[in-house]
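Student: Protein chains in written order, with UniProt numbering: chain A, 1 to 431; chain B, 1 to 931.
I should point out that these hints are in silico values taken from the structure, not numbers from a laboratory. Even glycine gets a Cβ: it sits at the ideal position worked out from N, Cα and C. Incorrect hints may have been included.
[Stated by the list, open to error] Residues from chain A that face chain B, not an exhaustive set, calculated with beta carbons under 7 Å:
#  : residue
1  : Tyr13
2  : Lys16
3  : Pro49
4  : Val50
5  : Thr57
6  : Asn77
7  : Phe82
8  : Asn194
9  : Val195
10 : Ser197
11 : Ile243
12 : Ala252
[Stated by the list, open to error] Listed next, the in silico BS3-like pairs over lysine-lysine satisfying Cα-Cα at most 25 Å (straight line):
#  : chain 1 : residue 1 : chain 2 : residue 2
13 : B       : Lys43     : A       : Lys16
14 : B       : Lys435    : A       : Lys137
15 : B       : Lys33     : A       : Lys105
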Amino acid sequence: MSLGCSCIYFLDYRGKVLLFRDYRGDISSSEINKFQRRLLELEDSLSKPVFKLKDITHCWVGKNNLYIVALCKGQPNVMMVFYFLHKLIKVFEDYFTEFNEESLKDNFVITYELLDEMMDHGYPQLTETTVLKEFIKSEAFRTAGKEEKLTDIMVSSAVSNIVSWRPEGIKHKKNEIFLDAVEELNMLCSSTGNVLSSEILGSVQCNSMLSGMPDLKLGLNDKQAFEIKGKTSRGKLIELEDIKFHQCVRLAQFDRDRTISFIPPDGKFELMTYRLNTRVKPLIWVECTIESHTKSKIEYMVKAKAQFKSRSIANNVEIYVPVPCDVDSPNFKTNTGTVEYLPEEDCMHWSIKQFAGRKEYLMRASFGFPSVEQTDREKFKNAIRVKYEIPYFTVSGIQVRYLKIVDKSGYKGLPWVRYITKNGQYQIRMS
Amino acid sequence: MSINFQNSKRGELNELRMELLSVKIPKKKEALKKIIASMTLGKDVSPLFTDVLKCMDTPNIELKKLVYLYIINYAKSQPDLAILAVNTFRKDARERSNPLMRGLAVRTMGCIGVESIIDYICEPLKDALNDEDPYVRKTAAISIIKVYDISAERCEELEFVDSLVDLLSDGNAMVVSNAVASLMEITNRRGKFFEMDGGSLHKLLTALSECTEWGRIYILDFLATHLPEDTREIESAIQRVVPHLSHSNAAVVLSASKVLIRYMDYIEDEDKIKSICRKLAPPLVSLMSSNPEIQYIAIKNVNLIIQKRPDIFRKGDEIKVFYCNFNDPLYVKLEKLEIMIRLVDLKTVDQFLREVKEYAQELDVPFVRKAVSAIGRCAIKLDKAADRCVQALIELVRTKVEYLVQESVIVIKDVLRRYPNRYESIIKDFCDNLKALNFADERAAMIWIVGEYADKISNCVLLIESFAENFKEEATIVQHAILTAAVKIFLKLEDEAEDMIADILKLATEEAENPDLRNRGYVYWRMLVNNPDMAREFVLEEKPIISTQSENIDPTLLDSLIAYLGTLFSISLKAPSKTVISKEGAKERFDLEEHEEVEVQEEVEDSSGVKRTEYEGDTNVQTFDDLIGLGDDPEPEVDNSNQEKNTSDAIDDILGLGTSATDSTPSQTQDNSGLDVLGDISSPHDSQYCRVPEKTLVSEDDESKDGNSGLEVKGSFQRENNKLVLELKIRNTTQIDSIGNFAIKFDKNSFGLNPAEQMGDFSVDPQETRKEVVEINVNENNNNKAPGMPISIMCALRTSIGVFVFQIPVMLSVLIVRQSSMINVKEMRELWKVIEGDEEMYYTVSNLSINLTTPQLIKERLLDNNIFFMEEGRTDGGSPCLYFNAKVSNNLVVLIQITFKDGDCTLCVKCKASPLIKLTQQCVSFILSQN
């Protein structure tokens, strides 16, 4: 019994209604006031993303100081509702480049049109930006273009196609497609250096600039694919755990023989994501020791070490080390990078532009305490966070072996591939 | 765009009106945009309605869209105005050159929710359903729900519902999926009417791999509620659904898991099941790396899935995935902890403890509390790791951080109860921290500990006295705890505590305002004065062991929740309501949602988020509690609403006497009120007696209390030769050891079922199965509580590899006795009239057996199941109906009316004891559904 939602509200950070669309008309407009009240009374973190008041379910998502609230009656498929809300944000970002109060106010007509087209009677319909752009033009386009006649705007052919994500007749001068294999490393370490949990979340991001209706086949160094086809490989094969695909990929075919074949949407999209549960050691290891801790002063020694091969380089390394909330007069000493104190986040921020593999850097910091002691200082507990990017390198060793592009017109498309590793949820607990 | 309406409103409206009248389209558009802007700001621009309508007749699609947006907004609030637009809508819906226009018109028209419009809509809608363009057809498919909402009758008359079924064969997948969505929603309103056959299944599966991500959700959700009949079809469906676990849309993944888990129940091949389970785990795990909201729903659902299929996470390291990051939102952290407790086993317990101790040092108090209680729950769950868990708790108490101590006390109480005489040494640590106990829960827990271990705590009298200092201000739960603890201490120490007990009893009976507390005080008082030995027997009785099983959801509820994974049910853990409707509702259009309103009235969960192991509140364990012995249950003991007169026991007697405040000695005899133990035994004749299908009670992997597994038990209650028996199939799944030394015991239950004899002396060799039939006595060990729905009996099976505790579901049909003294027709008529109102419910038998074609056959079938035919009659509406009666083993009479109308078979059950009504419905519809 998947019932969709009855209405969708956009609220500002104080809970004032900016815009709403009522799909079913079975919920009174005063219901949203209850949400506002809860919003003002409770702290954000206390309430849950879904709650029920009498017979009405509230599902909400917060983004850039805006709240998007879906009200539902009956028994909605809440997973669907939330996924839709996030999709909604994504489409708005595609249309308005940013999703915030300003952009919403500036584009409310398009917003209404999108809301009308993306959901009908509470059921999500078309949500692919490329397809929507076919018949809902953005404001910039409208003012630039001429006055349209009735016949000028038609439903995208994509709607009637089996390929609902790609309209026909796309033309590009150069036929190119860019693939970025991006891996994020989620890691949770104890203070002693034990890896408590680690996983690699990989994705292949595409930017397709191909004409016509090209049919693509992607070959990866996927162990299972080689096994199924009975081939062997000289290079390293990897075991991808749990691959998820963009809707354009033919899932049944993948299930049969692990072939990734698809007709890509135009422009940017996420082709696939995968997960690897292998144990990885932390790429950048940060150790923080408190050298002295008195009533008036605290001194830290922070050591950062890059534990990857020396030919790779990590860019934009940022290390956040938490400090007690009432420190003052910060003093930092390091010969690499810059350090600053971020009082609003209660941490110090050490940024290193380039961090070569196998290198190790040191930083010393000292803070003073005010004479009036805070009682709960001892209780503070937090984790060190690290951000970084390592280009031309993937932890899993994933490789694109080939990308075949076949189109009726017979052009030769050019594939480009890049690899990059980033931090995900990367936390090291402090002792 | 600047929107400024500060100056005189009327002038502004006029200005806009002028602009709307302009011939230039851009100017009109500007004006409309301004109007919509002020509409957004909540200003009333409805006076411009007619002027806006004039702009609607334009070839400019942009302008038209703006007008539509305006109309949608006012369609609901001012439908009479909206009707004015109907003609233009009809014209647009016929606009041949542009399908977008036609779709838009059909979609917007449906938003005008007034009945008078329906005749205008229907014709364009019919055309739209057969439109050449799929965009129009997919829009029309959804519009049918809108029409159905306005007038269900008209919708049926015009056969729109049938055309939805036709749309399932449409060539375009999006049309199919939208038709499925409509179909499902209409099914919700009027009950199931669409039967899945091989052909339609095939169509849906084809559409499944072609349609948009949302369409896939509709189709998958539909498949989850409409099971194919044939197992071969189920298998082919599974094959087509499995690839969807790789979809990037989390809702598609969850709906696909739902279908698989539902369908798996119908597969017998163990290997196939294992391979599906293996495929399910990774996608569920990776939902953990999505947005927090999606994570939250995913975790809630994973919690249900692993209760249903514990094999899914068998690799052992999955628990790590649920470790909390410090910047996870609180609601995610709390749910992650729940899963961690569920997954922890002896292999992972050390890491688990290390992790949870880490959490106990965080700042978020609700999270910390939950982490502490997780340690205790782990101790209760894993016997062999209990030492380590208790050690961890002591470490926390020694930190003397207030909330750590508070929560530790609450959990340690349960741990002490779980392992009596094992951890007495730690009580001292707790007694050192009494000052920290600021809240009622932990005070009550501490007082319980003091009372329970009075002989180990030297200053217990003093402690209780100091707890009782502010007796009147304390919460009820604390008052109850003090009273019971005082009685326990007195019984143990006698003279030493004489003054104290006198004070406390006085406080409880004279000062307290709570009537339950006063009653309880009197009961104790009287017992202590008149029969201290009996008091000792009751109060100091050995308590049954608690288990973590209480945290599991009842299997029947679980199954129904599984069908609704991803929906609100899975979050609120409320059972989907049956299509039970009241008499009034039956005459009108019946509305499922209306019914749900009644059922789920509170919020999804309380916002505090701290859920404890509520042994007292949980129905599964409630049966274990000896109310007086435990002494901290604030509920009134006497359930007034559903008292069944024939059943009572000693506790009740005392209560009854206590409240009447006479001086008589409480009677010690258990009054079984001379009930026939098994009803009347008559000649064996069970030609069409419906056997209850057997259930798996203990599965191969279930562990006994000692942590052993290797026993599989299947079985159910049956009625054989008018005797109640428990049939068990016991299989030894181990490789080497034979299992023996069997004994069975039931917990107290509402029908007083108890084994009449112990099982014979036998043992089961490895890989062998043995059938055992245990005779059951009725009304022996009765807890005097109204039965819940469904009834199940908590049962403990002792074996040579440990004690297994499980629940056996009971179908009411086995409790219906072959009556000796039938009430006559006249009595029945009177009784039928007397019972009115709440105690009567209507219920449609959805799956009537095809063999039961005539009323005569139904009569025979029911007679074979001890349900006696009384007379034929007619309902108020004039439909023919049959009246039956039956007698349940505790002498309650149930009246049943079966009505036939338009091929439907409706049940109405009347009984003085309302809990029996649902049970009877369930039982009769079970009997009538058997072929």
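Student: Take the hints in turn and mark each one as holding or not.
Tutor: Hints and how they fare:
no.: 1; hint: Tyr13; in the structure: 17 Å, violated
no.: 2; hint: Lys16; in the structure: 10 Å, violated
no.: 3; hint: Pro49; in the structure: 4 Å, holds
no.: 4; hint: Val50; in the structure: 6 Å, holds
no.: 5; hint: Thr57; in the structure: 6 Å, holds
no.: 6; hint: Asn77; in the structure: 5 Å, holds
no.: 7; hint: Phe82; in the structure: 5 Å, holds
no.: 8; hint: Asn194; in the structure: 9 Å, violated
no.: 9; hint: Val195; in the structure: 10 Å, violated
no.: 10; hint: Ser197; in the structure: 4 Å, holds
no.: 11; hint: Ile243; in the structure: 5 Å, holds
no.: 12; hint: Ala252; in the structure: 5 Å, holds
no.: 13; hint: B/Lys43 with A/Lys16; in the structure: 15 Å, holds
no.: 14; hint: B/Lys435 with A/Lys137; in the structure: 68 Å, violated
no.: 15; hint: B/Lys33 with A/Lys105; in the structure: 12 Å, holds
Going through the hint list in order, the structure does not satisfy hints 1, 2, 8, 9 and 14.
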